[in-house]
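K.L.:
So you can see what is in the structure, the chains are spelled out below.
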Amino acid sequence: MPLLKIDGKEIEIKSGTTVLQAAEANGIEIPYYCYHPALEIVGSCRMCLVQVEGMPKLQVSCNTFVSDVSSDRKVDGKYDMVVHTQNDLVVQERKNILEFLLLNHPLDCSVCDQAGECYLQDYSFKFGNAHSRFDENKRVRPNEFLGSQIVINHNRCIMCSQCVRFTQEISGTSELFVEARGYNSKIAVLEDNPLDNLLAGNVADICPVGALLSTDYIHKNRIWNLKKQPSVCQDCSVGCNVDVFSQTDQILRLTARENLDVNGYFMCDIGRYGFHRYEEIDRVLQPMVRKGDSFVSADWETAIQKTIDLIKKNKSNTAGIVSPFHTNESNFLLGQIFKDVLGSLPPITGEEITYPSGFRISADRSPNTRGMNDICEGIVEDLASKIKTQDIRTLFILDDGVDRKLDDKWKKIIGKMDSVIVLSYAMTDLAKLAHVVLPGHAPLEREGTITNDKGRIQWLRPSLPVKVESKPDWEILMLVRNALDKKTEHFVELGEVMKKMGEKFENYAGITFFKVGNQGYSINGKSS
Amino acid sequence: MNTFKPVLTEHIDQKDCHTLSFYKSIGGYTALEKVLTMNPDHVTQEVKDSNLRGRGGAGFSTGMKWGFIPKDSNKPKYLINNADESEPGTFKDRLLMNKAPHQMLEGMIIAAYAIGCHTSFIYIRGEFYQEYKLLEQTIAEAYDNNILGQNILGSNYSLDVVIHRGAGAYICGEETGLLESLEGKRGWPRIKPPFPAIEGYLQSPTIVNNVETLSCLPHIINRGASWFKSIGPEKGPGPRLFCISGSVNNPGVFEEPMGVSLKDLIFDRAGGIPDDKQLKAVFPGGSSSAILTANEAMDVMMDFEELVEKGSMLGSAGIIVMDETVNMVQACLNIARFYAHESCGQCTPCREGTSWLVMMLTRLINGGGKPGDIDMLFEIADNIGGLIDFSKGSFGKTICPFGEAVAWPVRSFVEKFKGEFMEYLPQEKVVA
Amino acid sequence: MKSNGKPKPRFTFEDPERVEQIFSQYPDKKSATLPLLHLAQSQEGYISNSVIDSIAELVDCHPAVVMDCVSFYTMFYTKPHGRNIIQICQTLSCSLNGADELVDHVTDKYKIKPGETTADDQFTLMKVECLGSCGTAPVVQMNKEYHESLTKQKFDELLAEFE
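Residue numbers (this note's numbering), protein chains in the order written: chain R, 1 to 528; chain Y, 1 to 432; chain F, 1 to 163.
No lab work stands behind these hints: they were computed from the structure. A virtual CB, placed ideally from N, CA and C, is assigned to each residue, including glycine. No false leads were slipped in.
Under 7 Å between C-beta atoms, here's a sample of chain F residues computed to sit facing chain R: (1) His62; (2) Pro63; (3) Ala64; (4) Val65; (5) Met67; (6) Asp68; (7) Ser71; (8) Phe72.
Stretches of chain Y that chain F covers, calculated by requiring three or more beta carbons in the stretch to come under 8 Å of a beta carbon on chain F: (9) 78 to 89; (10) 157 to 168; (11) 235 to 249; (12) 316 to 325.
Please put together the full structure from these sequences, using the hints given.
P.N.:
If you want it as structure tokens, here you go:
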């Protein structure tokens, strides 16, 4: 392994690693704009220049590879490379580059959405000069829409070309290009081919400055007001890692969070903007019990008692309906209660898309089909036939949520039931047919684990505060379980459910939130 | 005093000198015949031994460059003839294409043979339409006479040559910008490594050589490396085409041995300055070289090493002469404007800095000069291209040498004619 | 932003054999981009959006990638221009030898500034950077052809040929 000396620090590093990667891995900050680990190296911003001993020119650290050199070429007899990232020459060079980048910058941080997470702002503060020496007219261009949800502020653009490379290399859609050359260069789209692919939102994420903006978030808030919660997207079975940004009880935006074993650095716009569909829903915030054609609200005790009564009326003819939208823990508990007949409603699907980079949007638009099947044994395939042959009279349903559209066939089946208990966060088509509705948590309020289609268990974390009367789904199921059978153990926290689940299912043995962590845990043994 | 007999341009004044029959009548393609019987490595060795250095501007050893082609690669190898002549003050390759196209083509075939290339391209600047049409004829003649195509001159060696027109971009003369352009993209130079000899055109090993460089090859093969090395200074020998333009009576291309005196070139070959005006300054090696003052110019030999010692470079040997009436601030702006127009826009310093220079110089000329502007001009130039003096800073601030190409001349204007720039600054008020 | 739904006029090369020949010269399709653009421009006079689409299809890439390339080069025009393009070199050697006067001359004569086209579409005037003919400065490229060592009188004679 080559021995690198960087700012006096000795580092043994894998051959072929770049100086920039080596520095980052060892807590040495080298600023950069055009570099992105998922994109081709272009070395054009010049911000990451460092001094390499023995080389006459400063080198871009993003494209300087450390490798073993022959013993006669080692520096001080032992180093394969000696690098300075903080000497006077390098520090001065950063100032110079920043000065160039800021020549035409409008310095409008006070109204810029990027403020607070802007590398131009951060690096200027850390490495730049206090004021501009540019005494000429600034290059001023109007903002333009690049696509229906992406706007470009040309004046803030530093031509790092990450966005162009993104559409060429990651989405493969190539809508963005560099127009003209030199000082007149700018990011552009063709009039009849706007940036409207399903990965478009990522360009706003990767833009290191405030040039590319998502119209969904523009001028909505300031980043420092928002709470950032790492979690997992629930809009398909890939399970992209995300950061959810919220203020009090409102989600403002989702951005992709790096996970090389799942989504790389990106996410799709279905997931990015998906949270909006929970904003205007008919939320159930109290337990509801049917009275004739309508519902009356009830307290939890009454609702649970009513549930028990309904189930007990014909327990052997009751089926539990698990859901690929719910966590492993909720599905596990439901599976434990209704061992005889378990079913699920038809899958919710969309178009399966795989991009040239391998980034995937799966046809299965539910987040946890794999986990549901892992955790619930003997889910009947043809639930409708089973209902007929087994003379099922009662259903306890974990509701898929607002994405579930009931067709007439299923409306009819459910309408024929003696009793239907639905655990749901909203008054869905399904909940409307229920005898009891138990108010659970909405997707972005839930906590637990879900397993993506490649067998990676991931930590779903609550991104919004709990609504008044609702309870976590697993707690509701615990209440039902304990009420049905007083002898069953009572779990007071999710960890205990997970432990029990692990005892039953080998693949899930030893799973804890700590073990799953921010990057997930692969049940195929390929853990990170 | 001048016993040198032109090599590359010996026959350019003769009728039909561009035709195959003429070229054959003066011994054309005999070098190729000889080469086709040689081991390719020996051809490379001969060129290495000749100390031939590239005539495009960088002056890198041609034989050494060929030697970088990986021997064990199964990929096709490409030879590109860089005919994208665009350096202000330089117009020699155009002459060679017009007057001695077969000499150039023979050189190409020799180079291609040496590196094991079977498809070679001539990247000719787009504006050279007439030369493009002429080269089409040249190549057709060569195919008709078994000089190109399958089994050249009865040998086992085959080669196709394709002419590829540029479309108006100075930066495509830079070899990696050229490769991008050849691949059908914008001419944004590539970051190195990898170098073209390892991964060039379509990721295959590629050699890019200049027209004049290639034109030297038949002569090296015919007369031997030691003959070539005997012309001019040993470290950078050979005949060289010097282009002289600007304020001279007799501008043109003059073939002289390397190391000829600049004074002779200007006052003898180019006939001195019109109306007996005084010499003021000279670009010795194209507009990318630092200018020399009249005093410096009178005392310099046109040789790679000596010009570097004088703080400039031989570059493309494009000499632009400026007489005493030339306004140095205007001339500096003219050059800066050229570079701002041609900056590809990829790297930060060059994209932003070249236009900043133009804006500042324009402001100066329009009477808006401010105290501190002169220092700023120095600093901007240095920040784009760095200093020539390593002890004071670094260069290599941009992906390609364009940064230096604008910084060095601009800096030299301001440094050597500071007084003229000062005249554009507000006069200090005398405090009573 | 969105296309207005009108079908675009489709561009086709008049000489498909030449197109085939161009492709046969390169090991990959994309390398044929520049020659195809030259060919299309000589046919159409400029690079229209339909030229871009057509070439993108031929070389098997996205139209935006072709546009990225086109917009980089000064010789490709993305808008129509006059029947004759007067390109006057303005770089140092030409400038020192009277190029600026030639520009003024055209401006006086035809009332067009650099970048403009005469009302009758006969001439477009452009100031260009170094044409690589410094030894015969000042030089003017009239359409494809170079005219060297120009004086005002020789320039007038040249212009007259195109009027």
